[in-house]
Every structure is written in structure tokens, then in C-alpha cells.
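If you're matching them up, the sequences are chains E and D in order. In terms of numbering that gives the first Met the number 0, the first sequence has 104 at position 105, counting the first letter as 1, and numbering is strictly consecutive. In terms of numbering that gives the first Met the number 0, the second sequence has 10 at position 11, counting the first letter as 1, and numbering is strictly consecutive.
Hints may be right or wrong, so weigh each one.
[Claimed, not checked] Calculated lysine-lysine pairs in the DSSO-like style (CA-CA distance at most 30 Å, straight line):
| id | chain 1 | residue 1 | chain 2 | residue 2 |
| --- | --- | --- | --- | --- |
| 1 | E | LYS69 | D | LYS116 |
| 2 | E | LYS108 | E | LYS36 |
| 3 | E | LYS9 | D | LYS120 |
| 4 | D | LYS87 | E | LYS69 |
| 5 | D | LYS144 | E | LYS108 |
| 6 | E | LYS74 | D | LYS116 |
[As the list claims (entries may be wrong)] Covered stretches of chain E (chain D as the covering partner; in silico rule of three or more C-beta atoms under 8 Å from a C-beta of chain D):
| id | stretch |
| --- | --- |
| 7 | 32-42 |
| 8 | 54-67 |
| 9 | 98-106 |
Because the hints were derived from the structure by calculation, they are not lab data. Note that this is a predicted model, so its numbers are computed, not measured. Glycine is no exception: its CB is placed at the ideal position from the N, C-alpha and C atoms.
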Amino acid sequence: MENIVEYEKKPVQETAVVERTKNRRVYVPKVDIIDTKDSVILYADMPGVDEGSVDVTIDKNVLNISGVVKHPEFKGMSIAYAEYDTGDYDRSFTISDDIDREKVEALVKNGVLKLILHKEPEAAVRKITVRTE
Amino acid sequence: MFETGLWRFRGFADPYRDVRRLRQEMDRIFSDFSQPVSREFPAVNAWIGEAEAVVTAELPGIDPSAVEVSVIGDTLTISGSREAAPLKEGENYQRQERGCGGFSRSLQLPFHVDADKVEAKYEKGIIGITLPRSEAERPRKISVKNQ
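Only chain E is shown next, with the shape it has when bound in the complex (with noise of 0.2 Å):
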């Protein structure tokens, strides 16, 4: 079935053209992208970062998400028992040319970023009917 959820976090395959500059570990998020009338809403969760650590860019057509996270730290304590790792977080999306790339909305809670990309509204009615000869 289509509900089964992998709950283990994913590594970035990362591609032979572009390395990262630091050796860490990176995860793709887990995203859900809702489509509404007017806007593409995005949510992925990223635990671990906040407002100042997380990256949105868009770049012609390519939104790009990235987070940067700390590495927990507990003062005389040593980690005995590890069943996820820490890492930064990277994932690059492919828009449409509806997308309204000067007002995107991106708003950070509880470790889950969330992106509204509204739609420009010339290009939500630019529907073509068609007709039969």
C-alpha cells in the first residue's frame, strides 16, 4: 500500500557534480506539498533547525530548502544508545512557471519549515476548453 511510511531518515544521494564543502551528514526532509487554488503549500519537516538556520532559495526553477543543525551536546554525558544521527538537511524542487517567485511565505515551527508559494493569478486562469471539430 501507498500509506506505508518509512520513518528512518534518508541520506542525500549525493551526485558527482556537486560536493558539499563540509563532511557532514546530510538528510533529504520529508515533505508534504498541498495544492490549493490559488497557492502550492509546502511542509517539511526538519528537526533541528530554526528560523536563522534554515535556507530558502529559488533559482530560476528550482526551489531549494536547506537546514543547518547543531549537533546536540550534553555536558558529562556520553551517548550510549544512537538510533538516528544528526545531520543538515537538503532538498531541491522543481516549480512551475505559475509560481509567484517574489511572494513566497516561509514561516518555521517546531522543527517543520513551511512555504507557501502563491500562484500569479494570470497564469491560474490561463486555461485553454477544448473542443471537439
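Take the given structure of chain E and dock chain D to it, following the hints.
Positioned in the frame of chain E, the structure of chain D alone reads:
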């Protein structure tokens, strides 16, 4: 002499059988390594110190009041649920990767916990639970007297 030769010939049919089996065994062992330790949700990390332990779990986008943390003896239980954003009329999911629903996770610690002093903090989508070791179980220093 002939028999030895025949045996050899038979063996020749699949000379790498043992090598292949060894390799399969190795593949199995090493693929297990890349498997996650647990498929349970949420994944937890535990730091242990002399006087306390800290357990962290990544629970992004959860209402902190909907998370229940309980301690009985040396067992910590984290439970709660995450609701999917309700869709309005005319909205639909293009992608739905984030899990939702209820979860419950128990973890046994190496010592009994002073349940009254347990603190849970939810920050940036990560819950951190500080569990102080119970007073009765703390290591005691015994002074050596000179007779």
C-alpha cells in the same frame, strides 16, 4: 588416482561455490549494518551521565501538550500523535511523505529514575527528556577509615 580425478572434475563444475557462499554471507552481514537499528517511531538517542540521562527524539510539528511522557521505575514511555493538516475544499496532496498518527515508544534505562524530577523540553521539533537517577541508586563514595 582415477577417483581423485573424478572428484576433482565434479568439483570443477562449480569451483567458486564456497567463495560465492562466503560472499553472500558477507553481503548479508554488511547489509545488516546499513539497516537502521530500529524501525519504530520515534527514533531515540540516549545520553547517559553519572547522575542523569537525557533521551532525545525527533518529533517535528507536534503539539507539545499532546505528547505524554511517563516514567515507571527504569522505563520511559513517550507517546502522542501527530495529525495531518486537514484539507479544505479544492485542496489535494501532491506529495504526502510525512507520517501521521499515534505513536508510543518505551525505553529501559540502566537505572531507576526519580520520576518527580523528570523534565521534558520540546524545542525545534526535538524533544529532550532529562531523567535524574534516583537518589537511592546514586553511586556512593565510601570513605576508608584507618583503624
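Compare the structure with the hints numbered earlier in the document and write down the numbers of the violated ones, lowest to highest.
-> When the structure is compared with the hints, numbers 4, 5, 8 and 9 turn out to be violated.
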